[in-house]
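*Asks:* What follows is the residue order along each chain.
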Amino acid sequence: MATAKPHMNLAIIGHIDHGKSTLVGRLLFETGFVPKHVIEGYKKEAEAKGKGSFEFAWVMDNLKEERERGITIDIAHKRFDTAKFYFTIVDCPGHRDFVKNMITGASQADAAVLVVSAAEGVQEQTKEHVFLARTLGINQLIISVNKMDMVKYDQKRYEETKKNVSELLKMVAYKPEGMLFIPTSAFMGDNIKDKSPNTPWYNGPTILEALDTLKEPEKPTTLPLRLPIQDVYTISGIGTVPVGRVETGVMKKGMNVSFMPANKFGEIKSIEMHHEEIPEAVPGDNVGFNVRGIAKNDLRRGDVTGPADKPPSVADEFTAQIVILQHPSAITVGYTPVFHCHTAQVACTFTELKRKLDPRTGQVKEENPTFLKTGDAAIVVIKPSRPLVIERVKEIPQLGRFAIRDMGSTIAAGMCIDLVQKQLR
Amino acid sequence: MYILRCPDCRAGSHRIRMPGMWCTDMPLLPVQTPECPLYLPGLRIPGAITMGAVVAILRVMPESVDVNLEELKKAIRTRVPSVQDIAEEPIAFGLKALKVAAIVGDDEGGTEPLELALAAIDGVASAETIDLNRML
Chain A
34 MATAKPHMNL AIIGHIDHGK STLVGRLLFE TGFVPKHVIE GYKKEAEAKG KGSFEFAWVM
94 DNLKEERERG ITIDIAHKRF DTAKFYFTIV DCPGHRDFVK NMITGASQAD AAVLVVSAAE
154 GVQEQTKEHV FLARTLGINQ LIISVNKMDM VKYDQKRYEE TKKNVSELLK MVAYKPEGML
214 FIPTSAFMGD NIKDKSPNTP WYNGPTILEA LDTLKEPEKP TTLPLRLPIQ DVYTISGIGT
274 VPVGRVETGV MKKGMNVSFM PANKFGEIKS IEMHHEEIPE AVPGDNVGFN VRGIAKNDLR
334 RGDVTGPADK PPSVADEFTA QIVILQHPSA ITVGYTPVFH CHTAQVACTF TELKRKLDPR
394 TGQVKEENPT FLKTGDAAIV VIKPSRPLVI ERVKEIPQLG RFAIRDMGST IAAGMCIDLV
454 QKQLR
Chain B
511 MYILRCPDCR AGSHRIRMPG MWCTDMPLLP VQTPECPLYL PGLRIPGAIT MGAVVAILRV
571 MPESVDVNLE ELKKAIRTRV PSVQDIAEEP IAFGLKALKV AAIVGDDEGG TEPLELALAA
631 IDGVASAETI DLNRML
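Keeping their order, the protein sequence lines are chains A and B.
For the first sequence, the positions run 34 to 458 when the working numbering is used.
For the second sequence, the positions run 511 to 646 when the working numbering is used.
Bear in mind the hints are in silico, worked out from the structure with no lab data behind them.
We treat Cβ as the ideally placed atom computed from N, Cα and C, and that holds for glycine.
Keep in mind that the hints are not guaranteed to be accurate.
Stated by the list, open to error - Result set (DSS-like, lysine-lysine): computed pairs, CA atoms no more than 27 Å apart in a straight line:
#1 A:K302 x B:K606
#2 A:K196 x A:K248
#3 A:K398 x A:K208
#4 A:K226 x A:K38
#5 A:K302 x A:K343
#6 A:K286 x A:K252
#7 A:K329 x B:K609
#8 B:K609 x A:K252
#9 A:K285 x A:K302
#10 B:K606 x A:K329
#11 A:K343 x A:K297
#12 A:K285 x B:K606
#13 A:K195 x A:K248
#14 A:K38 x A:K285
#15 A:K398 x A:K297
#16 B:K609 x A:K38
#17 A:K185 x A:K228
#18 A:K286 x B:K583
#19 A:K189 x A:K208
#20 B:K583 x A:K252
#21 A:K185 x A:K226
#22 A:K185 x A:K160
#23 B:K609 x B:K584
#24 A:K189 x A:K228
#25 A:K160 x B:K609
#26 A:K208 x A:K228
#27 A:K398 x A:K343
Claimed, not checked - Anything over 12 Å on all C-beta distances counts as not near chain B; from chain A, calculated:
#28 A37
#29 D227
#30 K416
All chains, full assembly: derive it from the sequences and hints.
*Replies:* Right under this line is the structure:
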């Protein structure tokens, strides 16, 4: 379905079982984006039994049954439209193992709905997700104070939950005053599309109205071009074709580009997307481009394309702010796990633990700590084992974030706050 | 251990309130053994529900334009049984990628094992997760 509406990636975050799935189902249902055959199936059954209107519970059950029937790419991709936007849902699994995907691109979100149960209030994963959303640079947040039906639509419970969530948000330097807190029951459908008669004390917008108050993410076209290379091909009759997604800036035909850390330079002869030639590629575009003056073996996955006069930064070492998500013991100087940053995977060594921070306030808790453990936030110095392109998060945030993995799990997330450029010859 | 079962959720004749559990107008019966898959529409047991299945969509890049994509699809389906759907995606200059939808289980340690399994297949240059969603 083609649409001219601006696109947004919307993350649904919150503690397990606070109603994330139900909210997603409800959003699809209320906006008419439940897969057709599910609705058809319902109509048939409704006719047979002589029932009237749609029942949300039935639709949810049948969406669940999709799993058993097998999943197609279309079903896996969840989208819906509001009056203003075209949303793709990034329904992040709460599991820490998926943090890598949230950082390296698969699940990057422009805005998030934080789901907090009014019955249970702020829980462990609520805190974790809020912290992560902050780390990942998600600045637009809508708070669904969910399961209001379970607390009999009690305004006191709503206010209490709102107060506790606000405190949590303030801890990580969000400004809850400007955020929308909406009392909802995703299961019953209160304040999702229409104002609920069950919450006469609430005068604010519904979830769908709130979604339309979000600001369209600006495409980072004014930043210098950065395109991390996914793979490189030699195509007969064409030449060398690197493939990847534009993260920032604009790539134009005829442009002189640099590839780092390969330290190679070339000229863009043509750019194609979906097999069609395009004059320029903008952030988000997955493209292949033909480049003059470069051989396939000059480049590898993890290299980054930039303008010839503003080449990507290659770090000899960098200073980073990290948060330890899970580590079985302690992290000390000398520890060398694998850093996942854009398409690069490079082993890097912790060379200095500068400061331990209070993860809630960001205040310095300890200077030069001897070790870091799960839950700690810290400022550290990192030395890559081979040249790595990384940017200061303040300058090019898209290339400043990374995940740290070791022994098959994500142990930390972080961002580069400063770096020492490597001298390339 | 008792697990609650809902015999016919749309019958809705009586209602049992259990502490810490909640179900809208649905009769609940205690059962002795867990039935697999435990399928309880509308029932919420705080803390008892696991993460659930996650669907990842991966972009699989072939090693070159000469790789036979039909053969590659077959190889992917044989080698990675969790793959549910495969579609071709045109990239540039005649090069095509494969979009692959696969289920990632609860305790598999994220998408990495899946990426590694796909990347290890002959003719695959790389496999990268491009979309990730929980199943409803």
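*Asks:* Evaluate each hint against the coordinates.
*Replies:* The hints, checked one at a time:
1. Proximity of K302 (chain A) to K606 (chain B) is assessed by CA-CA distance (about 20 Å); at most 27 Å being required, the pair is judged to hold.
2. With a CA separation close to 25 Å, the supplied pair K196 (chain A) and K248 (chain A) stays within the 27 Å bound.
3. Between the alpha carbons of K398 (chain A) and K208 (chain A) the distance comes to roughly 23 Å, so the proposed pair stays at or under 27 Å and holds.
4. Between K226 (chain A) and K38 (chain A), the direct Cα distance comes to roughly 19 Å. Compliance with the 27 Å bound is thereby established for this hinted pair.
5. The suggested pairing of K302 (chain A) with K343 (chain A) holds, with an alpha-carbon distance near 19 Å, which does not exceed 27 Å.
6. Distance check on the hinted pair: K286 (chain A) and K252 (chain A) sit about 20 Å apart at the alpha-carbon level, within 27 Å; holds.
7. Distance check on the hinted pair: K329 (chain A) and K609 (chain B) sit about 24 Å apart at the alpha-carbon level, within 27 Å; holds.
8. Between K609 (chain B) and K252 (chain A) the alpha-carbon distance is near 25 Å, which keeps this suggested pair within the 27 Å criterion.
9. For the hint pairing K285 (chain A) with K302 (chain A), the CA-to-CA distance comes to about 9 Å; that is within 27 Å, so the pair holds.
10. Among the hinted pairs, K606 (chain B) with K329 (chain A) is consistent with the structure: their alpha-carbon atoms are about 18 Å apart, no more than 27 Å.
11. Distance restraint check for K343 (chain A) and K297 (chain A): the Cα-Cα separation of roughly 13 Å lies within the 27 Å cut-off, and the hinted pair is therefore satisfied.
12. Note on K285 (chain A) and K606 (chain B): the hinted pairing holds, with a Cα-Cα distance of about 22 Å set against a maximum of 27 Å.
13. Of the pairs offered as hints, the one joining K195 (chain A) and K248 (chain A) holds, with about 23 Å between alpha carbons and a cut-off of 27 Å not exceeded.
14. For the suggested pair K38 (chain A) and K285 (chain A), the alpha carbons sit about 25 Å apart, so the restraint of at most 27 Å is met.
15. Restraint check for K398 (chain A) and K297 (chain A): the C-alpha separation of about 44 Å exceeds 27 Å, so the hint is violated.
16. For a cut-off of 27 Å, the pair hint linking K609 (chain B) to K38 (chain A) stands: about 25 Å separates their Cα positions.
17. A distance of roughly 16 Å separates the Cα atoms of K185 (chain A) and K228 (chain A); the hinted pair therefore holds under the 27 Å criterion.
18. Distance check on the hinted pair: K286 (chain A) and K583 (chain B) sit about 34 Å apart at the alpha-carbon level, beyond 27 Å; violated.
19. The hinted pair formed by K189 (chain A) and K208 (chain A) meets the criterion: a straight-line CA distance of about 22 Å does not exceed 27 Å.
20. Distance restraint check for K583 (chain B) and K252 (chain A): the Cα-Cα separation of roughly 35 Å exceeds the 27 Å cut-off, and the hinted pair is therefore not satisfied.
21. The suggested pairing of K185 (chain A) with K226 (chain A) holds, with an alpha-carbon distance near 20 Å, which does not exceed 27 Å.
22. Pair hint K185 (chain A) plus K160 (chain A) holds up; C-alpha atoms about 25 Å apart against a cutoff of 27 Å.
23. At most 27 Å may separate the alpha-carbon atoms for a hinted pair to count; K609 (chain B) and K584 (chain B) meet this at roughly 14 Å.
24. Of the supplied pair hints, the one linking K189 (chain A) and K228 (chain A) holds, its CA atoms being roughly 19 Å apart against a limit of 27 Å.
25. Pair hint K160 (chain A) plus K609 (chain B) does not hold up; C-alpha atoms about 34 Å apart against a cutoff of 27 Å.
26. This hinted pair checks out: K208 (chain A) and K228 (chain A) have alpha carbons roughly 25 Å apart, not beyond 27 Å.
27. Taking the CA atoms of K398 (chain A) and K343 (chain A), the gap is near 38 Å; set against the 27 Å cutoff, the hint is violated.
28. No beta-carbon of chain B comes within 12 Å of the beta-carbon of A37 (chain A); the shortest separation is about 22 Å.
29. The claim that D227 (chain A) is not at the interface with chain B holds, since no C-beta of that chain comes within 12 Å of its own (minimum 19 Å).
30. Every CB of chain B is more than 12 Å from the CB of K416 (chain A) (nearest about 24 Å), matching its label as outside the interface.
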